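> Chains as they are written, first to last, in our numbering: chain A, 1 to 99; chain B, 1 to 99.
Derived from the structure by calculation, the hints contain no laboratory data. All of these numbers come straight from a predicted model, not from anything done at the bench. Any given hint could be a false lead.
As the list makes no split between identical chains, a pair holds if one copy fits it or if it spans any two.
Unchecked claim - Taking lysine-lysine pairs in the DSSO-like style, the calculated list, with each CA pair at most 27 Å apart, reads: (1) 99 <-> 74; (2) 7 <-> 89; (3) 64 <-> 42.
Number of protein chains: 2
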Amino acid sequence: MYGMIGKITATPGQRDALARLLLSGSADMPGCLSYVVSEDLKDPDALWVAEAWDSKDSHAASLKLPAVRDAIAKARPLIAGFDAAAELKPIGGIGLGGK
Amino acid sequence: MYGMIGKITATPGQRDALARLLLSGSADMPGCLSYVVSEDLKDPDALWVAEAWDSKDSHAASLKLPAVRDAIAKARPLIAGFDAAAELKPIGGIGLGGK
């Protein structure tokens, strides 16, 4: 498995709009086991995305999906910063069923 | 929903043992929607845990479960550091089904 955890800082006041875009683009991504978008409780502009994929290739392929490309293009102007916290190898747990 | 993302640094050579403890203790936790344990691909001693719960209360209650308390007690000597990256409010995505 392959995974990522990243913190995305929205431009002021745009966190909700950015979250909607991230969620809309991620509805149907082959090989995606987990994709959770969360609000940072302390930073009003920050979102965290924790992802798990069956392989790094599936993740790379997802970036070519029309819905994902479209969401990224629309999201870009709403992003003030992106901190890739970590590149990961998920090894187990709850919620890796891809639903 | 309530969530957390944390980076746990194991004592040298103990990452696998620590991961097994985290996973064994987390098998049956009421209200847990997602609990993913991952290896950091760049730091050989680091694990990341991304959690999502139906409520903060469910998370707090989990810390009183015998299996969780037992895992934490066994894990403590294997932990060199704990960086609570963020306290979160999950808002959606894939893999929040609790299975």
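> I'd like to know which numbered hints this structure contradicts. Please list them from smallest to largest.
none
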